[in-house]
Amino acid sequence: MKISNFVLSRNTIDNRFKYGIKFVPEKVLNKYLDYMLVVLKKLNEKEDGFNLTFKKDKLFNNIQLSTNEFKTYINMLYDFYNSLGEEKNVEVEFITKNSKDKIILTSLNDDHIKVCSVKQNFDEEKRVFFILMKEELIDYITSLNAVYRENEIQRNLNGVSKDFIRKSERDALYLQTLYIWANQALDNKDIKAFELISSEIKKIKENL
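The sequence shown begins at 87 in this note's numbering and counts up one residue at a time.
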(Lines of atoms letter the chains of each structure in order from A and count residues from 1; the text may use other names and numbers.)
(Lines give C-alpha, C1' and ligand atoms only; values in the text may rest on other atoms or scores of the structure.)
Protein backbone atom coordinates (compact mmCIF):
# COMPACT_ATOMS: atom_id res chain seq x y z
CA MET A 1 0.00 0.00 0.00
CA LYS A 2 1.22 3.46 -0.87
CA ILE A 3 0.62 5.94 1.94
CA SER A 4 1.16 9.66 1.40
CA ASN A 5 0.42 12.82 3.37
CA PHE A 6 -1.04 15.99 1.90
CA VAL A 7 -1.56 19.51 3.21
CA LEU A 8 -4.98 21.14 3.34
CA SER A 9 -3.98 24.62 2.25
CA ARG A 10 -7.49 26.10 1.91
CA ASN A 11 -9.20 24.23 4.72
CA THR A 12 -7.17 25.03 7.81
CA ILE A 13 -8.36 24.71 11.38
CA ASP A 14 -7.56 27.50 13.85
CA ASN A 15 -5.38 29.01 11.08
CA ARG A 16 -3.02 26.03 11.29
CA PHE A 17 -2.26 23.46 8.66
CA LYS A 18 -3.79 20.02 8.98
CA TYR A 19 -2.73 16.89 7.16
CA GLY A 20 -4.79 14.37 5.32
CA ILE A 21 -3.58 10.88 4.45
CA LYS A 22 -4.10 9.10 1.15
CA PHE A 23 -4.02 5.30 0.88
CA VAL A 24 -3.58 3.44 -2.41
CA PRO A 25 -3.89 -0.33 -1.84
CA GLU A 26 -1.75 -2.71 -3.87
CA LYS A 27 -4.73 -4.46 -5.47
CA VAL A 28 -6.40 -1.58 -7.33
CA LEU A 29 -6.92 -1.29 -11.07
CA ASN A 30 -5.98 2.39 -11.30
CA LYS A 31 -3.42 3.73 -8.83
CA TYR A 32 -4.31 7.32 -9.76
CA LEU A 33 -8.10 7.17 -9.51
CA ASP A 34 -8.63 4.51 -6.81
CA TYR A 35 -7.79 5.45 -3.21
CA MET A 36 -8.96 5.99 0.35
CA LEU A 37 -8.55 9.24 2.30
CA VAL A 38 -8.79 10.38 5.90
CA VAL A 39 -9.09 14.14 6.41
CA LEU A 40 -9.50 16.18 9.58
CA LYS A 41 -12.25 18.80 9.34
CA LYS A 42 -14.11 21.29 11.51
CA LEU A 43 -17.65 20.18 12.37
CA ASN A 44 -18.46 23.31 14.36
CA GLU A 45 -16.72 25.93 16.50
CA LYS A 46 -16.01 23.46 19.31
CA GLU A 47 -15.67 20.11 17.62
CA ASP A 48 -13.35 18.55 15.05
CA GLY A 49 -14.36 15.60 12.92
CA PHE A 50 -12.96 13.27 10.29
CA ASN A 51 -13.92 12.51 6.71
CA LEU A 52 -13.32 9.01 5.39
CA THR A 53 -13.37 8.94 1.59
CA PHE A 54 -13.48 5.78 -0.54
CA LYS A 55 -13.01 6.47 -4.26
CA LYS A 56 -12.91 4.13 -7.24
CA ASP A 57 -12.80 5.72 -10.69
CA LYS A 58 -15.90 7.98 -10.79
CA LEU A 59 -17.57 6.40 -7.75
CA PHE A 60 -16.90 7.68 -4.26
CA ASN A 61 -18.37 7.58 -0.78
CA ASN A 62 -17.60 10.26 1.78
CA ILE A 63 -18.40 9.33 5.39
CA GLN A 64 -18.21 11.97 8.11
CA LEU A 65 -17.40 10.94 11.69
CA SER A 66 -17.18 12.82 14.95
CA THR A 67 -13.97 12.45 16.97
CA ASN A 68 -15.61 9.88 19.24
CA GLU A 69 -16.97 7.92 16.28
CA PHE A 70 -13.54 7.99 14.64
CA LYS A 71 -11.92 6.53 17.76
CA THR A 72 -14.64 3.86 17.93
CA TYR A 73 -13.97 3.01 14.28
CA ILE A 74 -10.23 2.64 14.99
CA ASN A 75 -10.95 0.37 17.96
CA MET A 76 -13.25 -1.75 15.80
CA LEU A 77 -10.49 -2.08 13.19
CA TYR A 78 -8.05 -3.24 15.86
CA ASP A 79 -10.55 -5.79 17.20
CA PHE A 80 -11.25 -7.06 13.69
CA TYR A 81 -7.53 -7.41 12.91
CA ASN A 82 -6.88 -9.28 16.17
CA SER A 83 -9.72 -11.71 15.44
CA LEU A 84 -8.38 -12.72 12.03
CA GLY A 85 -6.10 -15.43 13.36
CA GLU A 86 -8.76 -16.86 15.66
CA GLU A 87 -11.83 -17.13 13.44
CA LYS A 88 -12.77 -17.80 9.83
CA ASN A 89 -15.17 -15.70 7.74
CA VAL A 90 -15.18 -12.73 10.10
CA GLU A 91 -17.51 -9.83 9.24
CA VAL A 92 -18.19 -6.70 11.27
CA GLU A 93 -20.11 -3.49 10.60
CA PHE A 94 -19.41 0.04 11.74
CA ILE A 95 -22.61 2.12 11.56
CA THR A 96 -22.40 5.91 11.81
CA LYS A 97 -24.47 7.97 14.21
CA ASN A 98 -26.89 8.98 11.47
CA SER A 99 -27.53 5.26 10.80
CA LYS A 100 -27.40 5.85 7.04
CA ASP A 101 -23.71 5.20 6.39
CA LYS A 102 -21.65 2.18 7.34
CA ILE A 103 -18.35 0.43 6.76
CA ILE A 104 -18.27 -3.35 6.50
CA LEU A 105 -15.10 -5.40 7.07
CA THR A 106 -15.02 -8.96 5.76
CA SER A 107 -12.22 -11.53 5.90
CA LEU A 108 -11.93 -13.22 2.50
CA ASN A 109 -9.14 -15.65 3.38
CA ASP A 110 -6.04 -15.78 5.60
CA ASP A 111 -4.37 -12.89 3.78
CA HIS A 112 -7.06 -10.63 2.33
CA ILE A 113 -9.76 -8.34 3.73
CA LYS A 114 -12.61 -6.52 2.02
CA VAL A 115 -13.34 -2.98 3.24
CA CYS A 116 -16.70 -1.81 1.93
CA SER A 117 -18.20 1.65 2.45
CA VAL A 118 -21.97 1.92 2.13
CA LYS A 119 -23.76 5.22 1.60
CA GLN A 120 -27.53 5.53 1.65
CA ASN A 121 -28.80 8.27 -0.70
CA PHE A 122 -32.58 8.45 -0.72
CA ASP A 123 -33.68 5.05 -2.06
CA GLU A 124 -30.29 4.17 -3.53
CA GLU A 125 -27.46 2.35 -1.75
CA LYS A 126 -23.99 3.08 -3.07
CA ARG A 127 -21.10 0.74 -2.28
CA VAL A 128 -17.38 1.33 -2.83
CA PHE A 129 -14.99 -1.35 -1.66
CA PHE A 130 -11.29 -2.21 -1.57
CA ILE A 131 -9.39 -5.44 -1.12
CA LEU A 132 -6.54 -5.10 1.38
CA MET A 133 -3.82 -7.49 2.30
CA LYS A 134 -3.59 -8.20 6.03
CA GLU A 135 -0.34 -6.21 6.27
CA GLU A 136 -2.02 -3.25 4.56
CA LEU A 137 -4.85 -3.28 7.09
CA ILE A 138 -2.50 -2.79 10.05
CA ASP A 139 -0.74 0.04 8.17
CA TYR A 140 -4.15 1.65 7.60
CA ILE A 141 -5.10 1.28 11.28
CA THR A 142 -1.76 2.67 12.48
CA SER A 143 -2.06 5.71 10.22
CA LEU A 144 -5.62 6.49 11.34
CA ASN A 145 -4.56 6.21 14.96
CA ALA A 146 -1.64 8.59 14.33
CA VAL A 147 -4.02 11.20 12.87
CA TYR A 148 -6.34 10.81 15.86
CA ARG A 149 -3.52 11.09 18.40
CA GLU A 150 -1.98 14.16 16.72
CA ASN A 151 -5.32 15.94 16.81
CA GLU A 152 -5.90 15.00 20.46
CA ILE A 153 -2.45 16.32 21.44
CA GLN A 154 -3.09 19.60 19.62
CA ARG A 155 -6.56 19.94 21.14
CA ASN A 156 -5.25 19.31 24.65
CA LEU A 157 -2.43 21.80 24.18
CA ASN A 158 -4.90 24.46 23.09
CA GLY A 159 -6.97 23.86 26.19
CA VAL A 160 -4.31 23.80 28.90
CA SER A 161 -3.93 26.52 31.51
CA LYS A 162 -1.83 29.51 30.53
CA ASP A 163 0.05 29.06 33.81
CA PHE A 164 1.05 25.55 32.75
CA ILE A 165 2.26 26.22 29.23
CA ARG A 166 2.67 29.61 27.57
CA LYS A 167 1.52 30.40 24.03
CA SER A 168 5.15 30.66 22.93
CA GLU A 169 5.75 27.11 24.19
CA ARG A 170 2.70 25.80 22.35
CA ASP A 171 3.93 27.55 19.19
CA ALA A 172 7.36 25.97 19.66
CA LEU A 173 5.76 22.51 19.83
CA TYR A 174 3.70 23.29 16.73
CA LEU A 175 6.88 24.46 15.00
CA GLN A 176 8.53 21.10 15.69
CA THR A 177 5.56 19.37 14.07
CA LEU A 178 5.82 21.64 11.02
CA TYR A 179 9.49 20.73 10.59
CA ILE A 180 8.52 17.04 10.60
CA TRP A 181 5.84 17.69 7.97
CA ALA A 182 8.32 19.69 5.87
CA ASN A 183 10.78 16.78 5.90
CA GLN A 184 7.99 14.40 4.87
CA ALA A 185 7.04 16.71 2.00
CA LEU A 186 10.67 16.70 0.81
CA ASP A 187 10.80 12.90 1.07
CA ASN A 188 7.63 12.73 -1.06
CA LYS A 189 9.03 15.35 -3.49
CA ASP A 190 5.89 17.42 -2.87
CA ILE A 191 7.21 20.92 -3.63
CA LYS A 192 3.83 22.64 -3.22
CA ALA A 193 3.32 21.16 0.26
CA PHE A 194 6.90 22.03 1.22
CA GLU A 195 6.43 25.66 0.17
CA LEU A 196 3.14 25.96 2.08
CA ILE A 197 4.66 24.49 5.24
CA SER A 198 7.79 26.64 4.89
CA SER A 199 5.59 29.74 4.73
CA GLU A 200 3.82 28.65 7.92
CA ILE A 201 7.17 27.98 9.64
CA LYS A 202 8.33 31.49 8.73
CA LYS A 203 5.14 33.01 10.16
CA ILE A 204 5.43 31.10 13.45
CA LYS A 205 9.13 31.92 13.85
CA GLU A 206 8.41 35.63 13.41
CA ASN A 207 5.96 35.49 16.33
CA LEU A 208 8.12 33.48 18.73
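Derived by calculation from the structure, the hints in this document are not laboratory data.
Please note: incorrect hints may appear among the correct ones.
Capping the alpha-carbon separation at 27 Å, the derived lysine-lysine pairs in DSS-like fashion look like this [said to hold, decoys possible]: (1) K132 x K88; (2) K220 x K289; (3) K289 x K142.
Per label pair, the in silico range of CB-to-CB distance [what the hints assert, rightly or not]: (4) K278 x E179: 34 to 40 Å; (5) S169 x D225: 29 to 35 Å; (6) D225 x N175: 37 to 43 Å; (7) S169 x K132: 18 to 24 Å; (8) R213 x E133: 26 to 32 Å; (9) K183 x S90: 27 to 33 Å; (10) E133 x S185: 16 to 22 Å.
Where is the CB? At the ideal position from N, CA and C, for every residue including glycine.
A quick look at each hint next to the structure:
1. As the CA atoms of K132 and K88 are separated by approximately 33 Å, the hinted pair breaks the 27 Å bound.
2. For the given pair, K220 sits about 42 Å from K289 by alpha-carbon distance, which is inconsistent with the 27 Å threshold.
3. Simply put, K289 and K142 have alpha-carbon atoms about 38 Å apart, too far for the 27 Å limit, and the pair is violated.
4. The beta-carbon spacing between K278 and E179, approximately 38 Å, falls within the hinted interval of 34 to 40 Å.
5. Restraint check, S169 to D225: a C-beta distance of roughly 18 Å breaks the suggested window 29 to 35 Å.
6. Look at D225 against N175: about 23 Å separates their beta carbons, and that is not inside 37 to 43 Å.
7. In this structure, S169 and K132 break the distance hint of 18 to 24 Å, their C-beta atoms being roughly 36 Å apart.
8. Our hint of 26 to 32 Å for R213 and E133 holds, since their Cβ atoms are close to 29 Å apart.
9. Separated by about 29 Å at the C-beta atoms, K183 and S90 satisfy the suggested range of 27 to 33 Å.
10. Between E133 and S185, the C-beta spacing of about 20 Å keeps the proposed range 16 to 22 Å intact.
In summary, the structure is inconsistent with hints 1, 2, 3, 5, 6 and 7 from the numbered list given earlier, while agreeing with the others.
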